Structure formats: structure tokens, C-alpha cells
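Chemist: Residues per chain, in single letters:
There are 2 protein chains.
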Amino acid sequence: MPAPIDFYFDFLSPYGYFASTRIDTLAAQYGRSVCWRVFYMRGIMQDRLGQTRPFLDVPIKGDYYKHDVPRMARWFGVPLNSGGLSNFVSANACRAFWLLDDLDPHLAKRFAREIFEWHHVRATPPNTPEQVAQAAANVGLDTEQLDLATAVQLPEAKERLRRETDAAAAAGVWGMPTFAVDGELFWGADRLYLVEDWLRRGGW
Amino acid sequence: MPAPIDFYFDFLSPYGYFASTRIDTLAAQYGRSVCWRVFYMRGIMQDRLGQTRPFLDVPIKGDYYKHDVPRMARWFGVPLNSGGLSNFVSANACRAFWLLDDLDPHLAKRFAREIFEWHHVRATPPNTPEQVAQAAANVGLDTEQLDLATAVQLPEAKERLRRETDAAAAAGVWGMPTFAVDGELFWGADRLYLVEDWLRRGGW
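Protein chains in written order, with this note's numbering: chain Z, 4 to 207; chain Y, 4 to 207.
In short, the hints are calculated from the structure, not lab data. Values in this document were obtained by computation on a predicted structure and should not be read as measured data. Backbone N, C-alpha and C define an ideal beta-carbon position, used for all residues, glycine too.
Derived DSS-like pairs (lysine-lysine); straight-line CA-CA distance at most 25 Å:
id, chain 1, residue 1, chain 2, residue 2
1, Y, 161, Y, 112
2, Z, 64, Y, 69
3, Z, 112, Z, 161
4, Z, 69, Y, 64
5, Z, 64, Y, 64
Across the chosen pairs, the derived CB separations fall in these ranges:
id, chain 1, residue 1, chain 2, residue 2, range
6, Z, 27, Y, 65, 28 to 34 Å
7, Z, 107, Y, 116, 52 to 58 Å
8, Y, 116, Z, 58, 30 to 36 Å
9, Y, 133, Z, 185, 42 to 48 Å
10, Y, 157, Z, 32, 53 to 59 Å
11, Z, 106, Y, 50, 50 to 56 Å
12, Z, 146, Y, 62, 37 to 43 Å
13, Y, 24, Z, 66, 28 to 34 Å
14, Y, 108, Z, 65, 28 to 34 Å
15, Y, 158, Z, 166, 53 to 59 Å
16, Z, 126, Y, 124, 46 to 52 Å
17, Z, 125, Y, 116, 45 to 51 Å
18, Z, 125, Y, 108, 47 to 53 Å
19, Y, 174, Z, 27, 36 to 42 Å
I would like the entire structure built from these sequences, with the hints used as guidance.
Modeler: Here it is, written out as C-alpha cells:
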């Protein structure tokens, strides 16, 4: 069995959302599974890259991306009503992802899709522990088994996300989304064609 | 006649070099010509974006790009021996481009290809006015007509590049290379497939 593809993302990024609608299907065509790995982008930006200003606030570049996001949604053929990143704090959703992943990676993927849907499609940023728990219940979490709203606020949930973010950075991840194919990194939803080409040709 | 595509670049970027080997052929398939427009990336980065640290020096991100540049050269199927950006100061070459463009845009394109070749293939960064003049002579500049080594050092040559850099920023350009198709901007040599898709479908 070839190794799974690692799909690194933060729920914040609409490009992560776009990629999430394609990556499993693409990988399956080459006999690969996909391991979804949430990390906390703000942690990487500030602590690792030394970037403190949100890139949407950078002159000219920010305008480009504000125009590009809906354009790429149309290109991917997916609905988009998020209207920007600024009102979403993804920490609770990111922490919840890993708690769910420990129970069942399939559940964690369904949860991730639900979070993307809340934020990028329904324009309801799931910021609070309660919203995050509701999203998990929507996709099949047994709420008797795990009180997610409480669990995401515990120190071990924070520590887990910090560890996963460290692991992403150690793997060379600095942007969202990033795909790792046999240790080869590709940044950006717009580079899925290169991921595919790498899979098809076995590298180049 | 449909409007030409604007191809914005700084000689510094290997991605600009990669794109320069494709963009005219791609555009011609859709009945378009290409207007090559050099700008001074350091001016945009520092004055407009507030970025003072060369991105290759950013932790993690810099390593990604150092690995990506030769990988993308292989993908584009073009030779690359530049070994990084750090030893090239592109200002003289950028100024020369516009002086040549005033004489003959075809000459300016040939000059641009020659500069890319010196820097990215022969690993001979054409930093000095004399090297830049030699590169222009190699591709057909009548040295009796224009003493390029002197001309690039004149205040009007500096002012011209500043004006063109301002114009690029005013058009929304913040990275290299950028393509403008009917006012629609695409950043990155790895987005040439989107430029092509936009041309083919007339937008989406």
C-alpha cells in the first residue's frame, strides 16, 4: 500500500475548503488515502514566520485575494458565502478535530466538512465550543460518549493542537492548505494539478 | 483584436523566467499578444507591502521555495543553474528593459530572455551597467544608437522604472510574475493553467 497523502489545513482558509472537496477523490484515483491534519495557522504565522499582519490586510495583496477567493470558488464549482476570514476564530474547531480524530478519523473528516460548510457556505462561523459540539453532533458524534463543548476547553485539547501545529511546521508546512505526497510538499489549492501530476508520474 | 495580455515580472524571480518560456505561445493560441512589463519587486515589497525580509529568509517558507524552484524548473522542462536570488541586483536590467522597449518591444523581449538566461541558466547575474549593455548587444542592440551602460544610470532611467513599478502596483500587481487578462490578475507561474482557462472560456 502506498503511503497516505497528508492534507494540512486550517478551517480559516477558503482554499482549504476548496481543496477539501477534491483531495480524497483525486488521491483515490491513484490508490491513495488521505490523512487530514488540521493545524493552527495563526500559530505558524506569528511564532514561526514572524508575520503578525493578516495577509488580507496587506495592501494590494489583500485586494487580490478578496477577488480571487470567489473566483476560485466558481472555478472549483463550490458554493461560497463566507465573506471573509475576519469573523472566524478557528481554535475550538481545530482542537475538536483532533479529539474526534482519536475516536474515528472518518467522523473527524465529516466534522471538518461540516465546519467548512458552516463557515464558508452558511456564513455561520462556528466559533464557540457549543457550536463546534453541535457541528459534531450533526455528523454523528455520540454526545453521550464525548462532551465536546467541555473537552475542547481542556488544557490537553489545547496542547494537542499545539503539538499537531508543531508537527506540521516540522514537516515543512507554512501555509494552508499544504499537501504532502511521500514527503514532497505542495502549497495551495491551485496546485492540486501538480499533486496529481506527481502521483501520476511518481515524481519528476 | 482582443487586448494584449500583460506579463508583469522582475528578472529576479525564477518563476518569471519559467513563465517567460511559455506565455507568448500560450497567448498566441487564443489570438493574443503579450506585453512584457518589468517592474522592480524590491520597490513593491518594501514600499507597498511593508515586507522588508526577503521571503527566502523566512523560516520554513524559504526552505519550501528553495526546494520548489528546481522542482518547477524540471516541471517546465527548462534549464536552471541560478542557485538563488541573493547575488542578483536587477535594477540595471529592469531600467534597461524600458529603454529598449522604447526603441523596439521585440528587442526588449529578446533582451529579457537574454537576462533570464544569464541569471537563471548561466549563473552570471548581469548586475552592472556594462553587463546589461553586453546582454543587449548580444540580442541585436545597435550600440551606436544607444549607449545603454551610460543610459541606465541616468535619472530618467531610474524615474522610468519607478513609474512603471507604480503603474504595476496601481494595476494590482504585488508579486512576480503576474498576468493580467482583460483586467483579471493571476499571480504565479503555477497559475498559467488558470490564465489559459480564462482565455479559453472567456472568464468564469
